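Chains as they are written, first to last, in this note's numbering: chain A, 1 to 477; chain B, 1001 to 1359.
Source of the hints: derived by calculation from the structure; they are not laboratory data.
Each hint should be verified, as a subset may be incorrect.
Which stretches of chain A does chain B cover? Using the computed rule of at least three CB atoms under 8 Å from a CB of chain B, they are [unchecked claim]: (1) 43-55; (2) 60-69; (3) 190-204; (4) 403-412.
Only some residues are given here: those of chain B computed to face chain A with a beta carbon under 7 Å [to be verified]: (5) 1010; (6) 1016; (7) 1019; (8) 1022; (9) 1032; (10) 1177; (11) 1185; (12) 1187; (13) 1190; (14) 1198; (15) 1316; (16) 1352; (17) 1356.
Bear in mind that the values here come from a model prediction, so they are computed numbers and not experimental data.
No residue lacks a Cβ here, since even glycine has one placed at the ideal position from N, Cα and C.
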Amino acid sequence: MEFNEIIRSIILTFHYFFLFFTIAIVGGYIILAVFSSKETVDYLKKNSFINFKDLIKSPLAPSISIIAPAYNESLNIVENVRSLLSTHYVNYDVIIVNDGSKDDSLEKLIKAYDLEKVEYLINYKVPTKPLRDGVFKSKNPAFDKLIVVDKQNGGKADALNCGINISESKYLACIDVDCLLLEDSLQRMIKPFLEHTDRKVIASGGVIRIANSCKIEDGKLIDINFPDKWIERVQILEYLRAFLLGRMAWARLNGLLVISGAFGIFDKEIAIKVGGYDTKTVGEDMEIIVRMRAYMEEQNIKYKVAYIPDPLCWTEAPDDRKILISQRNRWTRGTIETLKIHKKINFNYKYRVLGLLSFPYWFIFERMAPIVEVVGMLYFLFLVFYQPLNWSFVLGLFLLAYLFSLLFSFVAIFTEEFTYHQYKKKGIGLKLVLTIILEPFLLHPIVLYAAMRGNYDYYFNKKKKWGVMIRKGLSKT
Amino acid sequence: MRFPLVESIIWTIVIILVVIIIILVIYLKILRNNIRLTDKKNKKYTTLVEENLIKFLYSEKESILLTDTQKKIIKKFKKGVSSRRKRKIISDTFFNLSQEISGSMIVTMHKLYEEIGLLRYTIKKLRSKKWNIIAIGIRDARRFEIDKVKNLISNFINHPREEVRREAHLYFLELFGYEGMEFLDDLKVPLSEWDQIQLLGEIEKIENHLILDVSKWLVSDNDYVIIFILNIVKMFNRMETKEILLTLLHHKSKDVRLKAIETVTHFEVLEAKYILKSKFTNMSLKEKIASFLLLEKVASDEDNIFIINYTNHENFEIKHKALSILKRIDKNMYDALEKKSEDEDYNRIINFLDYSYGI
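Pulled out of the complex, with its shape left as it was, chain B reads as follows (with noise of 0.2 Å):
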C-alpha cells in the first residue's frame, strides 16, 4: 500500500517541524539571555532611580524654585517615563520610597508623579479598553493618592470584572477614609471574601476610628454589603447596631442570617436566644448549628428543657453542644439523662463530658 500524497504531506511537515524547532533552539538562547539581562538592567536602573529620587528629595529648598540638580533628575525621569519597562520601575520605585518616607517629602514625591509625566499614564491606563490596565491605573491613582480621578473611577464600582471593582473600592477607602464606604450605597455587584478580607484590611489602616452609622448598610438591598458590614459591626464592636441585627435573623438570605446569628453570638446578646429558639425548627442545619454556639454562651437553667430535646439530635456538634450545654446548666438533669444508648458518638460524648472535658 502506498499513499505518495500522503508520504510527501508527512514529510513536508517534518521538515516544517525541523525548522520550528532550530528557531525554538536559538529563541530559547536569545529568551534566556534577554530575560537574564534585562533583570541586570531592571536592578542597575532602580539603583539609579532610588538614587537621583533620594538627590531630589534632599536637595529640596525652602524656595518653590527647583534647583539645578532638581532640574536633571526631572528630565532624567521624563526620558525614563517615555519607555514601558523603565515607567514601571520609576512607578515602583516611588511607591516603595513613599512607604518609607512623611510629611513633606510625600507631598514633594507626588507633586514630581505629576510633572514627570507618571499621572498623565495614570489617566490613560484609566481610559484603557482592557480591564487589567484599568486595574493598574487605578492601583497606581490608589498608590500615589491622586483625588483628581475620583469622578473617573467611580464609574469603575460596578465593573464586570472583580478585579477592577475591586481595585475601585480599595481607592475610596484609602483615599477618603470611612467618607470613601459611600461607594457601597451604589454597590449592584456581590462582595466576594476576598473582597471583603482587602476592604477590612483597608479600613483597619484608617487611623479615625470614629467610624460613620453602618446602619444605613444594614438594610441595604445588597446582600453582600450587609454581610460585609456585619464584619465592620462585629470587628469594631459596634453594638449600637443591635436592633437590626435582631432583626435580620429573620432576613430572606441565608447567608445573611447566618452571619447576624454569627455576630448576635459574638456580643453574647440575650434577646437573640429567645428569637432563635422559636424559629429552630425551621433552620437550616449550619443555622442550627451557630444558633447552639449562641446558647453555649447565653443559656441558663430556663433553656434546660429546649436543650434537651437536642441531645439526642442526628448531627453530632448539636448533640455535643446540647450535652455540654445541659452539663452546664442543669446538672440534675444532665446526670438523670441515660449515660448508655445505641447510638455510639452519643456514649463518646457521655464519655468525653464525664471523664475527660477539660484535660
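The following block holds chain A by itself, in its conformation from the complex (with noise of 0.2 Å):
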C-alpha cells in the first residue's frame, strides 16, 4: 500500500468516526429533548393538584436532616444558617459540619445562635476524621433544630460523613452551607420518598439555579433578576439546558447519575449500606449516587433516583473565568474518578439501565467529549495543511453543529418559558436569545479548556484537589 493510499484510508477512518460521533451526539439530544418533554409534562400533572400543606404538620413526616458542611464561611453563615432555619417543615434539623475552618464561623455561629459545648454519643457508622471542638447546641428553645459539629478538616465528603453520624433522621438533605433554600423545599423533594410503594427511592435531586443579581432579603428569594455579566447569563443558560433537559430526561429513564452536591436528599439507611461519601474523589456527589445505584443493582431491589424540576435551590455561580474554570477542571476529574472508581458497571448488562445506558452515555459523551472535540480541531488542522478543503463543505459542517447547539438551548428555554417562567421582567427575553447565540463561543471554550486542564491534571497533578471558589456571598448581590 503506498504512503498516500495509507493516509486516505486513516482520514476515511477519521471522517466516519466523527460522523458517526456527531450523529450520535445529536441524535442522543434529540432522544433526550423528546424524553424530558414526557417527563416535565407529567411532572406537571401530577403535581398541579397536590397538596403539601398536610406534610407540613403531620405526624406522619418523616425525619430529614439537613447536613451543610462549612468550611471558612464566616462571611455569611450566620445569615445563611438562619435561612436554613427558616425551612417550612415539621420534623427536621439541621447540621452544620464546620469542617476544620481557619476562620471565625464557629466563634460567629456560637454568638449568633447562644450555642454550648455538648454530649453527644456518636454512631461512627461512616469512618470520618475527629472532632476539634465537639458538638454544639443552642441555650435558646428557638434554635433547638440546630446541631453545629467542630471537626478537624477532611474536605467536603469527610465533613458530610460527620453529618451522616451525627444525624438521626430518616433521611438526610446534603447541601452546601451558601446556597439559598426556598422554604417548601424539603416538603417537594421528600415527597417521592414517600409515594412510591412499589419501589424503593433512594435519592432525590432537584434544580439548581443561579442567584447572581437576584435580590434577596432575609435569606429569602425577593426577586428574580438577570445578570448583566456574560459569564454569569451563559451558565444560567447552561443550568437551564442541563436541569431542564438533561437531568429530566434521565429521571424518566431512571438513569439519574447525578444528583447536584448542592442540594440532594438521601435515604440514610442507603447512603450508610454503601459507606457513605468517598473522600478520596472531589466528584463525591456523583460517586455516592452511582455507588448508591449498584447496590441496588447487586442486591437486586427495585429502585428510583427521583428528580424534583421545580427551583428550590439558588446558588452563586462564578463571576469570574478563573474560578469557573477551576470549578469545571473539578468536576471533570471528579467524573474520570467516578467512572474509572466503578468500570466495572460500564456495558455491564447485570446493572441494566445503570450499566448499558447511562454509564457509557457518560463515559462516551461526558468523559470522552471534550477529547474528541480536541482531536477533531487538531485533525481539522491537519487537514487545512495536508490538502485543499472543500470550504463549503466545512462551513456547512460548522453551521450544523452550532445551529443544532442553539435549538437545544432554546428548547431548554421554552421550557422553562412554558413550566417555571422565572425570568419574568420585559427585555429579558432578548437577552436570552442573546445569550443563546454567544453561549457557544463565550462558554463553550471556557468548559472545553478546563475540561482538558481536569484531564491533565487528574494524570499528571495528582496532587490537586478541589480549587478554590470565592464567595461574595448572595445577600450582597
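Two independent chains are provided; combine them into the complex using the hints.
Now the structure itself:
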C-alpha cells in the first residue's frame, strides 16, 4: 500500500468516526429532549393538584437532617444558617459541620445562636476525621433544631460523613451551606420517597438555579433578575439546559447518575450501607449516587433516583473566568474518578439501565467528548495543511453543529417558559436570545479548556484537589 | 474527497434550522408577551369574579326568587364558564372564597356552582379518559362537597393512578367523615406514606372525634390498610384495640409487625414485652431495634438477664439501648460489667453513660 493510500484510509476512518460520533451525540440529545418533555408534562400534571400543607404539620412526616458542611464561610454563615432554620417542615434538624475552618465561623455561630458544647454519643457508622471542639447546641429553644459540629478538616465528603454520623433522621438533605433553599424545598423533595410503594426511592435531586443578581433579603429570594455579566448569563443558560433537559430525561429513564452536591436528599440507610461519601474523590456527589445505584442493582431491589424540576435551590455561580475554570476542572476530575472507580459497571448487562445506558452515555458523551472535540480540532488543522478543503462543506458542517446547539438551548428556554417562567421581566427575552447565540463562543471554549486541564491534572497533577471558590455572598448581590 | 450529496443535505438542513430558529425567536417573543398578558388578564378577571361573587352573596334576599343583580351576575358567570381559562379562575375563586365564609352563604355558593354550570363540567371531567382530568374533577367535587357524584367516584377507589385514587379517598373522607372510611373495605391497592399523610390530615379535620370502630381494618387483607389504621390507633389513642395489636406482632408482613411494635411502644403495652422477648432471635434488625425502644419504656429488673445478652450486640443502637436499660433496671449488674473492651463502640457508650449521660 502506498503512503498516500494509507493516509487516505486514515482520513476516511477519522471522517467516519467523527461523523458517527456527531450523529450519535445529536441523536442522543434529540432523544433526551423528547424524554425530558414527556417527563416535564407528567410532572406538572402529577403535581398540579397536590396539597403540601398536610405534610407541614403531619405526625407522619419523616425526619430529615439538613447537613451543611462549612469551610471558612465566616462571611455569610450566620445568615445562611438562619435561612436553613426557616424551612417550612415539621420534622427536621440542621447539622452544620464546621470542617476545620481557619476563620471565625464557629465563634460567629456560637455568638449568634447562643451555642453551648454538649456531650453527644456519636455512632461512627461511616469513618470520618475526629472532632475538634465537639458538638454544640443552642441554649435558646428557638434554635433547638440546630446542631453545630466542629471537626478537623477532611474535605467536603468527610464533613458530610460526619453529619451522617450525627444525624438521627431517616433522610439526609445534603446541601452547600451557601445555597438558598426556598421554604417549601423539603416538602417537595421528600415527596418521591413517600409516594412510591412499588420501589424504594434512594435519592432525590433538585434543580440548581443561579442566584447572581437576584435580590435576597433575610435569606429569602425576593426578586429574580437576569445578570449583566455574560459569564453569569451563559451559565444560567447552561444550567437550564442541563437541569430542565438532560437530568429530566435521565429521571424519566431512571438513569440519573448525578444529584448535585448543592442540594439532594438521600435515604440514610442506603447511604450508610454503601459506606457514605467517598473522601478520595472530588466528585463525591456523583460517586455516591453511582455507588448507591450499583448497590441496589447488586441486591436486586427495585429502586428509583427521583428528580424534582421545581426551582427550589438557588446558588451563586462563579463570576470570574479563573474560578469557573477551576470549578469545571474539578467536575471533570470528579467524573473521571467516578467512572474509573466503577468501571466494572460500564456495558455490564447485570446493572441494566445503569450499566447499559447511563454509564456508557456518561463515558462516551461526558468523559470522552472534550477529548474527541480537541482531537477533531487538531485533525481539522491537519486537513487544512494536508489537502485542499472544500470550504463550503466545512462551513456547512460548522454551521450545522452551531445551529443544533442553538436549537437545544431554545428547547431548554421554551421548557422554562412553559413551566416555571422565572425570568418574567420585560427585556429578558431578548437577552436570553443573545445569550443563546453567544454561548457557544463565550462558555464552550472555557468549559472545553477546563475539561482538558481537568484531564491533565487528573493524570499528571495528582496533588490537585478542590480549588478555591471565592464567594461574594448572595445577600450582598 | 468530495461528497456533493452530503454537502447539499448539510446545507439544506442548515437552511431549515436557520428558518426554525428565526421562527423560535419570534415565537419566544410572542410567548413571553402572551404569558405576561394572560397573567394580567387572569388577575383582572379574578378581581371581577371576586367582586361579582361577593355582590351576589350579599344581595341575597329572604325570598327564594333571585334579584335582578343576581340574575345578571349568573349570566356573566355562565358566559365565563364556557372558556376554559375563565372557568378555572371562577372555580378557584369560588373555592378560595368558600374558605372564608360560613353558614347559609356556603349553601348559596354551592347552589350557584350548580346554576352556572360548573357542576356539569365537573361531571364531564369525571367521565374523562385522561387520569389527570378525572383527578381534577374529583378534587372539584370534593371542594364543593358534591355528594351526587358519590357512586361515580367510588369507581376510582382502586384506580391504577395513585393521584386519582388519592383524590377519591379524600373525597369520601371530606364529605362523609368517618363513614367515608368505609372505602377501606374495598381497597385492593397500596396506600403510600404520602396517601396516609393526606388522609390523616383529612381525618384530623373531622370535627366529631367519636371515631368508628377500626378493629375490622386491623385484620384487613390489605397490609397497607392495617398500617394506616395503626397510625390512626396511635394518633387517636385507640387503646381498646390492644388485643388485636398484640396479635399483629405475629403478622406475616414485616412492615405491619414493625408498625405494630411502634404502636404498642406508644401505649407502653407490657404484654407486648413478653411476646417480643420470646421471638426476639428470629426478628429482623429493625424489629429488634424497635423492640428495644419498647423495652426502654417498660423493662424492669426481671428483664436483666435478657438485656445483658445484648450489651455486646454488634449493632450500635441495640448495644447502647441494652446498656442504658441495664443501668436503669439493675445498677449492680451494670456496675459489675467489664468497663473496658476491645470494642471501641462499647467503650464510648460506657463512657457516655457513666460520665456524660444526661448533660
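Against the structure, the hints:
no. : hint    : result
1   : 43-55   : holds (count 8)
2   : 60-69   : holds (count 3)
3   : 190-204 : holds (count 7)
4   : 403-412 : holds (count 5)
5   : 1010    : 4 Å, holds
6   : 1016    : 9 Å, violated
7   : 1019    : 10 Å, violated
8   : 1022    : 11 Å, violated
9   : 1032    : 5 Å, holds
10  : 1177    : 17 Å, violated
11  : 1185    : 20 Å, violated
12  : 1187    : 13 Å, violated
13  : 1190    : 4 Å, holds
14  : 1198    : 5 Å, holds
15  : 1316    : 5 Å, holds
16  : 1352    : 4 Å, holds
17  : 1356    : 4 Å, holds
Of the hints listed earlier, those the structure fails to meet are numbers 6, 7, 8, 10, 11, 12, in rising order.
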